[in-house]
Amino acid sequence: SHSAADLLLLGGHRECILSGIMSVNGKKVLHMDRNSYYGGESASITPLEDLYKRFNLPGTPPESMGRGRDWNVDLIPKFLMANGQLVKMLLYTEVTRYLDFKVIEGSFVYKGGKIYKVPSTEAEALASSLMGLFEKRRFRKFLVYVANFDENDPRTFEGVDPKKTTMRDVYKKFDLGQDVIDFTGHALALYRTDDYLDQPCQETINRIKLYSESLARYGKSPYLYPLYGLGELPQGFARLSAIYGGTYMLNKPIEEIVIENGKVVGVKSEGEVARCKQLICDPSYVSDRVTKVGQVIRVICILSHPIKNTNDANSCQIIIPQNQVNRKSGAVSPLSRFVSISDLFAPTDPGTESQIFISRTYDATTHFETTCDDIKDIYKRMMGSEFDFEEMKRKKNDIYGEEEQQ
Amino acid sequence: MALRELKVCLLGDTGVGKSSIVWRFVEDSFDPNINPTIGASFMTKTVQYQNELHKFLIWDTAGQERFRALAPMYYRGSAAAIIVYDITKEETFSTLKNWVKELRQHGPPNIVVAIAGNKCDLNDVREVMEKDAKDYADSIHAIFVETSAKNAININELFIEISRRIPSTDTNPASSGKGFKLRRQPSVTKRSCC
Ligand SMILES: Cc1cc2nc3c(=O)[nH]c(=O)nc-3n(C[C@H](O)[C@H](O)[C@H](O)COP(=O)(O)OP(=O)(O)OC[C@H]3O[C@@H](n4cnc5c(N)ncnc54)[C@H](O)[C@@H]3O)c2cc1C
Ligand SMILES: Nc1nc2c(ncn2[C@@H]2O[C@H](COP(=O)(O)OP(=O)(O)O)[C@@H](O)[C@H]2O)c(=O)[nH]1
Ligand SMILES: [Mg+2]
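Line by line, the protein sequences are chains Z and V.
For the first sequence, full-length UniProt numbering assigns the number 1 to the initial residue and increments by one for each residue that follows.
For the second sequence, full-length UniProt numbering assigns the number 1 to the initial residue and increments by one for each residue that follows.
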């Protein structure tokens with residue numbers, strides 16, 4: 001009954017971001033989701049009663065938890081780096097208008113049953129007992145080098161070849177000791193392992209830059225969080241898409257992806273086929289076109305008290321390093337605990353033939369950078385050209401009335 | 001003079017004239033071929049009410065009402081909601097009750113509700129009696145007016161009445177907010193080190 005959409009999307013959080021981008025670019029977009037809410041796997045669940053139902057917990061939340069609808073619980077918590085790619089996408093698309101943010105108050109690390117503040121600024125690091133006086137001076141020199149480093153300007157390299165010199169050699173150049181290297185690698189560059197040490201240094205230097213520049217934006221920490229949970233993000237991008245003519249349908253069970261001559265031509269829902277030229281979806285809609293690449297365990301705890309040694313922070317990140325995981329912790333006593341084990345999937349092929357472009361499952365990283373890389377990758381597979389943030393800018397005036405106060 | 005920002009969201013079936021009402025209020029004009037998504041993004045207008053300035057931030061549906069895909073974000077922090085029906089189409093008045101229910105479920109608890117019976121310039125093809133609508137609005141303590149976006153009837157009055165009903169001190173915790181809006185960096189601040 002309808003004419004074919006250029007692009008049909010199914011489910012998901014990054015699918016919403018892509019609908020926004022593609023609608024702004026003039027594509028005719030149709031978005032369907034089998035759920036009654038936005039965001040798929042990484043939705044914010046509200047009211048609290050729904051979270052209990054979802055995890056098959058017996059009973060209802062205790063009275064002390066207040067009104068269920070005042071809760072938004074994120075299934076896949078992740079931070080936004082204040083100067084990261086997702087913030088850039090929000091600013092370019094002006095989806096920022098619909099959202100309110102908070103700065104996470106601090107980052108902590110769990111060691112030997114206790115919580116310690118991760119020194120997040122150089123000032124804090126330099127004030128800590130982590131380094132001696134001479135090392136502090138060398139570390140400062142290193143940070144200045146990183147701040148000035150520009151991968152497009154060889155004059156800032158100072159004899160380092162960003163694509164060849166290993167990070168280990170860069171640390172050596174600045175004569176940094178093991179403690180400083182550990183801190184820089186894990187707390188600033190946010191690496192999970194030490195494998196990066198023997199790889200070319202460009203990636204690491206850019207990660208440290210991202211961390212410092214993010215921190216410089218708001219001070220307390222480099223991390224931002226939407227005030228009402230991550231579910232606001234897909235909702236905001238869905239609104240952008242709708243403003244540019246995109247159509248949204250929730251509660252649409254998907255029966256079949258219709259293929260003709262190896263290429264997608266539509267999606268069958270409730271007996272009707274919606275036709276399309278290209279399809280983007282998350283792995284849960286195409287189990288025969290993805291492979292399992294790992295697993296993630298996520299535990300959501302609702303605490304009845306602030307966490308010790310966090311200075312009663314309203315919000316914080318606590319890193320539990322790998323070697324601390326098996327310890328019995330006395331740090332928290334949750335009121336409720338919700339545990340999930342999810343398989344991680346990746347597409348088996350880039351989708352160039354079938355025109356079905358599949359996103360990856362959310363990994364265990366603590367922020368959105370890999371998510372944005374996936375979005376850019378899907379864009380490239382689909383459009384055949386590199387992703388460009390400029391392409392995300394709104395193409396028409398859609399503010400009426402008075403000038404917005406900036 | 002104190003400036004208060006008041007978010008207002010629009011609800012009601014497709015085609016009842018939601019966008020036209022906002023367009024009339026903000027731009028004081030009427031476009032019979034209004035683009036279904038125009039102005040969907042952000043419309044603002046400031047009016048004086050007693051010794052305050054009320055800046056209305058009006059959220060239109062962007063067509064997301066068609067498949068009932070309005071997100072919780074749409075209602076979040078709204079000071080008022082205008083639910084619109086078309087006086088020449090009985091079914092748009094019947095579905096009004098669903099929109100009220102939806103609002104009660106997702107909207108802030110103390111939101112001001114206004115019901116607008118639009119297209120009152122088309123009196124000779126009227127299907128909804130003014131009295132029935134008024135009785136219903138009274139039963140849910142909502143503002144009620146019949147409007148015409150086309151002939152500019154009762155549009156300003158609708159917003160004046162909303163201003164009147166908004167509590168004079170900001171008691172709505174959602175709108176006072178603890179968050180902030182992201183902005184572009186005015187200039188890149190080079191970090192000087194300690
Ligand atoms: C002092 C210090 C400061 C740090 N600061 C930060 C920081 O500020 N920000 C930051 O992001 N990181 C920081 N880190 C890095 C930190 O080690 C990891 O973020 C932390 O270990 C969380 O685990 P991970 O997911 O990175 O996996 P790792 O602990 O590296 O994972 C080890 C293995 O366990 C598996 N695994 C990990 N998590 C799961 C899971 N949930 N489910 C199933 N399998 C899993 C993985 O497959 C992996 O093979 C810091 C580390 C240290 C020591
Ligand atoms: N006669 C008349 N037509 C109106 C009035 N308001 C809107 N319309 C027409 O109704 C149609 C739908 O209006 P629109 O504002 O797009 O409705 P929306 O879908 O609720 O936003 C358009 O053709 C308008 O021109 C009105 O007050 N009187
Ligand atoms: Mg409209």
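Since the hints were made in silico from the structure, they are not lab data.
Here the structure is a predicted model, which means the values were calculated and not measured.
Please note that the accuracy of each hint is not assured.
What the hints assert, rightly or not - Below, computed lysine to aspartate or glutamate pairings styled on EDC-like, alpha-carbon distance capped at 20 Å: (1) K181/V <-> D312/Z; (2) K181/V <-> D377/Z; (3) K396/Z <-> D31/V.
Claimed, not checked - Residues from chain Z that keep clear of chain V, each with C-beta distances beyond 10 Å, as calculated: (4) T60; (5) R239; (6) A346.
Each residue gets a CB set at the ideal place from its N, CA and C atoms; glycine is no exception.
Each hint tested on the structure:
1. K181/V <-> D312/Z: The given pair, whose Cα atoms are some 25 Å apart, is violated under the 20 Å limit.
2. K181/V <-> D377/Z: Judged against 20 Å, a Cα distance of about 28 Å means the pair is violated.
3. K396/Z <-> D31/V: Holds, at roughly 18 Å.
4. T60: The claim stands: T60/Z keeps its Cβ more than 10 Å from every Cβ of chain V (closest is about 18 Å).
5. R239: The claim is violated: R239/Z sits with its nearest Cβ about 6 Å from chain V, within 10 Å.
6. A346: holds, 29 Å
Checked against the numbered hints above, the structure breaks hints 1, 2 and 5 and satisfies the rest.
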